[in-house]
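Engineer: Chains as they are written, first to last, in this note's numbering: chain G, 576 to 1004; chain D, 8 to 293; chain H, 41 to 312.
Hints are computed from structural coordinates only; laboratory data are not their basis.
All C-beta atoms in this analysis are idealised placements derived from N, C-alpha and C, irrespective of residue type, glycine included.
Hints may be right or wrong, so weigh each one.
Stated by the list, open to error - With a straight-line Cα cutoff of 20 Å, these simulated SDA-like cross-link-like pairs (lysine to any residue) come out:
| # | chain 1 | residue 1 | chain 2 | residue 2 |
| --- | --- | --- | --- | --- |
| 1 | H | K134 | D | V13 |
| 2 | G | K658 | H | L53 |
| 3 | G | K658 | D | K201 |
| 4 | G | K658 | D | F9 |
| 5 | H | K134 | D | T50 |
| 6 | D | K201 | H | N165 |
| 7 | G | K658 | H | R174 |
| 8 | G | K658 | H | I52 |
| 9 | G | K658 | H | G170 |
| 10 | D | K201 | H | L171 |
| 11 | D | K205 | H | S50 |
| 12 | G | K658 | H | Q167 |
| 13 | G | K658 | H | Q49 |
| 14 | D | K201 | H | G170 |
| 15 | H | K134 | D | A49 |
| 16 | H | K134 | D | L22 |
| 17 | D | K205 | H | M151 |
| 18 | G | K658 | H | L171 |
| 19 | H | K134 | D | P20 |
| 20 | G | K658 | H | N165 |
| 21 | D | K205 | H | L171 |
| 22 | D | K205 | H | P142 |
| 23 | D | K205 | H | Q175 |
| 24 | H | K134 | D | T11 |
| 25 | D | K201 | H | P45 |
| 26 | H | K134 | D | F9 |
| 27 | G | K658 | H | P142 |
| 28 | H | K134 | D | L16 |
To be verified - Okay, the calculated beta carbon distance ranges per label pair:
| # | chain 1 | residue 1 | chain 2 | residue 2 | range |
| --- | --- | --- | --- | --- | --- |
| 29 | H | N215 | G | D891 | 56 to 62 Å |
| 30 | G | G657 | H | R229 | 43 to 49 Å |
| 31 | D | G147 | G | T738 | 34 to 40 Å |
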Amino acid sequence: MRHRLSIAAAIATAVAAGGAAHAETVITQWDQFAQSGITAAGPAMDELIATCKPALGGATVLRTIAPSIGIRESYRLAVSAGKTPDLAYTWPAASVLAGYARIGALAPLDAYYAQYGWPQVNEFYKGRNSYGGEIFAVPMEQDLMGVYYNRDLFNEKGLAVPTTYEEFLALAETLKDEGIVPVSFGNRDRWPATNTFSLILGLTAGLEAEQDVFFGDTPWTNPAFRAAAENFQDWAERGLFPRGFNGIGYDEANALFLSGRAAMTITGTWVLQDMIRGAEFDLGVFMLPPMADGVPSGTMWGEGSQWQLSATASDDVKDAAAAYLDCLLSDASREVWVTKGHTVTIGTTPEELSAWGADPVVQEFFGAGLATAGTNFYDLHTTLPESVTQVLYPELQRLVGGDATADEFLEAMQAAWQAAIDNGERWIP
Amino acid sequence: MFTTRVAYLFLLPALLLYGAFVLVPVGQVVAFSFFAWDNGVATGFAGLDNFVRLAGDDVFWAALGHNVIWVVLTLVFPLTAGLVLAAILAERSARTIRWLGAIYFIPRTIPLVVAGIIWGWIYNPIFGLLNYALEAVGLGGLAGAWLADQDSALISLNVVGAWTFFGFCVVIYLAAIQSIDPSLYEAADIDGAKWRHKFRHITVPLLRGTTLFLGLYASIEAMRFFDLVWVTTQGGPGYATEVLTTHVYKTFFLVGDFGYAAALSVVLLAIVLTISALAFSLLRAR
Amino acid sequence: MNRRPRIVQSAILAVFAVYALAPIYLVVLASMRSEADLFSGPLALPWPLDPTNFLRVWIEGGFSGFFVNSLIISSSVTVIILLTAPLAGFAFAKIRFAWREPLFALFLAGMVVPAPSVIVALYGNLQAFGLIDRQIGVILPQAAILMPFSVFMMRTVMQDIPDELIEASVMDGANPFLSFLAVAVPIARPGLMSLALIVFLFSWQEYLLPLVVLQTDALKPLTVGAANLQGRYGIDYGGIAAAGLIAFAPLVVLFLFMQRSFVRGLSAGAVK
Chain G
576 MRHRLSIAAA IATAVAAGGA AHAETVITQW DQFAQSGITA AGPAMDELIA TCKPALGGAT
636 VLRTIAPSIG IRESYRLAVS AGKTPDLAYT WPAASVLAGY ARIGALAPLD AYYAQYGWPQ
696 VNEFYKGRNS YGGEIFAVPM EQDLMGVYYN RDLFNEKGLA VPTTYEEFLA LAETLKDEGI
756 VPVSFGNRDR WPATNTFSLI LGLTAGLEAE QDVFFGDTPW TNPAFRAAAE NFQDWAERGL
816 FPRGFNGIGY DEANALFLSG RAAMTITGTW VLQDMIRGAE FDLGVFMLPP MADGVPSGTM
876 WGEGSQWQLS ATASDDVKDA AAAYLDCLLS DASREVWVTK GHTVTIGTTP EELSAWGADP
936 VVQEFFGAGL ATAGTNFYDL HTTLPESVTQ VLYPELQRLV GGDATADEFL EAMQAAWQAA
996 IDNGERWIP
Chain D
8 MFTTRVAYLF LLPALLLYGA FVLVPVGQVV AFSFFAWDNG VATGFAGLDN FVRLAGDDVF
68 WAALGHNVIW VVLTLVFPLT AGLVLAAILA ERSARTIRWL GAIYFIPRTI PLVVAGIIWG
128 WIYNPIFGLL NYALEAVGLG GLAGAWLADQ DSALISLNVV GAWTFFGFCV VIYLAAIQSI
188 DPSLYEAADI DGAKWRHKFR HITVPLLRGT TLFLGLYASI EAMRFFDLVW VTTQGGPGYA
248 TEVLTTHVYK TFFLVGDFGY AAALSVVLLA IVLTISALAF SLLRAR
Chain H
41 MNRRPRIVQS AILAVFAVYA LAPIYLVVLA SMRSEADLFS GPLALPWPLD PTNFLRVWIE
101 GGFSGFFVNS LIISSSVTVI ILLTAPLAGF AFAKIRFAWR EPLFALFLAG MVVPAPSVIV
161 ALYGNLQAFG LIDRQIGVIL PQAAILMPFS VFMMRTVMQD IPDELIEASV MDGANPFLSF
221 LAVAVPIARP GLMSLALIVF LFSWQEYLLP LVVLQTDALK PLTVGAANLQ GRYGIDYGGI
281 AAAGLIAFAP LVVLFLFMQR SFVRGLSAGA VK
């Protein structure tokens, strides 16, 4: 319906403009900002489209909202049918983006980067959105992983936030003895374990060991990766997670934490607003300490989603879309994203969050996560090609469910990884 | 009476629709399977490469195995239950037949997606009703992770499949039993035959055709079911409930390897057509 | 017959009745329970009955729209089938023509084609014809997928029409289509009723096709809407139960009222 209404609006605009030069320029945009729900960013998106109208130079944005769960599939099918939307805000970055860049579906944006600058997109992010030396997307959301905890429960039991991995394990043991689930975790939806494991991997192996595998020749079957896989399995064996976690949904795991029956949950900033609204206790956040000697503190650092332009769009559309993106990323727009869209965009500093009156927990989370910017590590979701991700999902279920050993897990991953490399699917910044 | 031209005119609308949306796509899928694809774009002729890959694809073999287990479980449980229930029910009053037949059949009217959602909730390890009920009656030790446990996932899921299917079997068997000549049972009664003897020597043999039909139906459905797995486990945990259709779906929609997804589809089609051809010739032979 | 086996048999009947009904009973209970009450005792009777779950999913959850969409899609599929399958069934049953057996075999083979295996190509075709994200893009393929079964069933039904009646009508000079309408359709009416019910049921239950074809929420049917609820509402089991009930209650009611027609249709071909 929205589709048709927007067409009607576009026609109305065209008529009203009396056939102005750019009246027929329509940018088809796919995004994942839901319209309804207390933390939905859809209304902020609509507001920014209106705000950015001058930047569009008479062009119109025709919005289609795709649920984030399905947008990967819909986008792929649209590309295969030659109907790539002009502008899309989709996920995940890096490897999947590289797939589209490789088949020539996306327009390189280097000229627009030169024109507009976009300084908040630092070298790390530029690399994440490049393929073959060209930049193909503009990342927007800043995602971080951390540990949400029930501060009231911690105080009641006289527990302190752990500063070392040993303290974390001891804390979990104490909670278990008290009859409380230490870490709420639900992996029925298959993807949540990927985030958990990304965090464990970075804190066990460190950023450099990751890069050796992801961009170098080191295989998955290396001691640092094995230690990470063993750590994850160890958590499950120690009973850190609720019973039957492979049959518990992601939302259910969050609900278990919010109900007070679990003391912590480890997930990303994308549910921060839901957590703040759902918690009837004092909600706290801390960063998981390093899990191996010599590994620096850090957290999984991801760009939630990115804007990408279709190679099939006309030059007029591309120019208008780039000007529009520049407006969406302006300082004023970033404030709208934070305050009304409940979305923290990359480049936003802890100081800005405080000045814009973001919730204290939001400030706490981003303050801690951005403090270790130099050592933050990769999100497997946005680093592995889709064919490898589809092996990672079931293999992680097996690993953490105790149905595969760490070695079996790594061998399966290495096989999928090697197949993807042979197939030319690997992404290298 | 009517000419061939009239026959073709009568067939045309149905054939056009069927041709455009089933036959042509089947042909395309076969063609797709001979090409290499990258993210939904054909990159070149691949010969039999996609089919060669099947041999080394452990997930494909696991999925095929699960489909076969599903066939066997369906033949063993809902089909047998349907036969026994129909045989018992056939001797009851018309009202009982009508009511119980309807009750058994109700799950069949529920969309499999909704059945999956309902049972997914019943089986949920922490919020689920099954574990809650077990704990409430003091059998907490039997509480399990059901769909979340590699060893119990497929069986637990099959209980849901059987739930939607056994009533269908009852109804079909009932219709068949009611068409058996009553004098056969009367003669057996005069001889003082016990119920189980009548069941074994009259009902079962005379219903062989119906059993064959239901067996065929169940086997085809077991090869091509998708909704139930997709809304509950998506093939997990690990590969414990992976079936051919979920493997096709993931390969096509998630990985974007259209060629290999097409090859998997062709294999699925070939299996289903072979089963039907076999069963059909068996039915014909009778 | 002595009493003991009869009691055992009755017990078996009862156990399976519980198996069939218990999950439905639990869903009905959960749907009428307030959220706060849900985990206090899921098996106890909820009191007072609380309609808020239904109102919430019906109005806020968009289920009134999903319901109407299911109605539109299933009715359209049913009408298309009723306009096409009886004609084809009649031709196969009552007319001798070249290629009759091979053509019928072609239709028969379609009865077993798994939808997930054609979706790979079907999606691209629908996209090329501009039918993606439109309900007609679900309706036409669904009618096509149900066509083989419908034609097969109609052939069985049409075979029971006495040849003499058709001959008499042709003698009177009626054209073939009119004689089909005047003679075959009235006699086949119970069969047509069964066909309509079963096609409606199958179409209402369809999930994969609307899942991949429809992207706009306002176009989706109940099955897709209900499956999406799992993620969106988190652990709002009351809402999910109410949504499930909205999705299947119409079918159960329809079945209970039209049981005879349903059973006749489903057993067509099975009991021969």
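Engineer: Decide, hint by hint, whether the structure agrees.
Structural biologist: So, going through the hints one by one against the coordinates:
no. : hint                           : result
1   : H:K134 with D:V13              : holds (11 Å)
2   : G:K658 with H:L53              : violated (56 Å)
3   : G:K658 with D:K201             : violated (70 Å)
4   : G:K658 with D:F9               : violated (48 Å)
5   : H:K134 with D:T50              : violated (49 Å)
6   : D:K201 with H:N165             : violated (61 Å)
7   : G:K658 with H:R174             : holds (15 Å)
8   : G:K658 with H:I52              : violated (57 Å)
9   : G:K658 with H:G170             : holds (10 Å)
10  : D:K201 with H:L171             : violated (62 Å)
11  : D:K205 with H:S50              : holds (18 Å)
12  : G:K658 with H:Q167             : holds (8 Å)
13  : G:K658 with H:Q49              : violated (62 Å)
14  : D:K201 with H:G170             : violated (65 Å)
15  : H:K134 with D:A49              : violated (46 Å)
16  : H:K134 with D:L22              : holds (17 Å)
17  : D:K205 with H:M151             : violated (35 Å)
18  : G:K658 with H:L171             : holds (13 Å)
19  : H:K134 with D:P20              : holds (17 Å)
20  : G:K658 with H:N165             : holds (13 Å)
21  : D:K205 with H:L171             : violated (57 Å)
22  : D:K205 with H:P142             : violated (42 Å)
23  : D:K205 with H:Q175             : violated (53 Å)
24  : H:K134 with D:T11              : holds (11 Å)
25  : D:K201 with H:P45              : holds (10 Å)
26  : H:K134 with D:F9               : holds (9 Å)
27  : G:K658 with H:P142             : violated (39 Å)
28  : H:K134 with D:L16              : holds (14 Å)
29  : H:N215 with G:D891: 56 to 62 Å : holds (59 Å)
30  : G:G657 with H:R229: 43 to 49 Å : holds (48 Å)
31  : D:G147 with G:T738: 34 to 40 Å : holds (38 Å)
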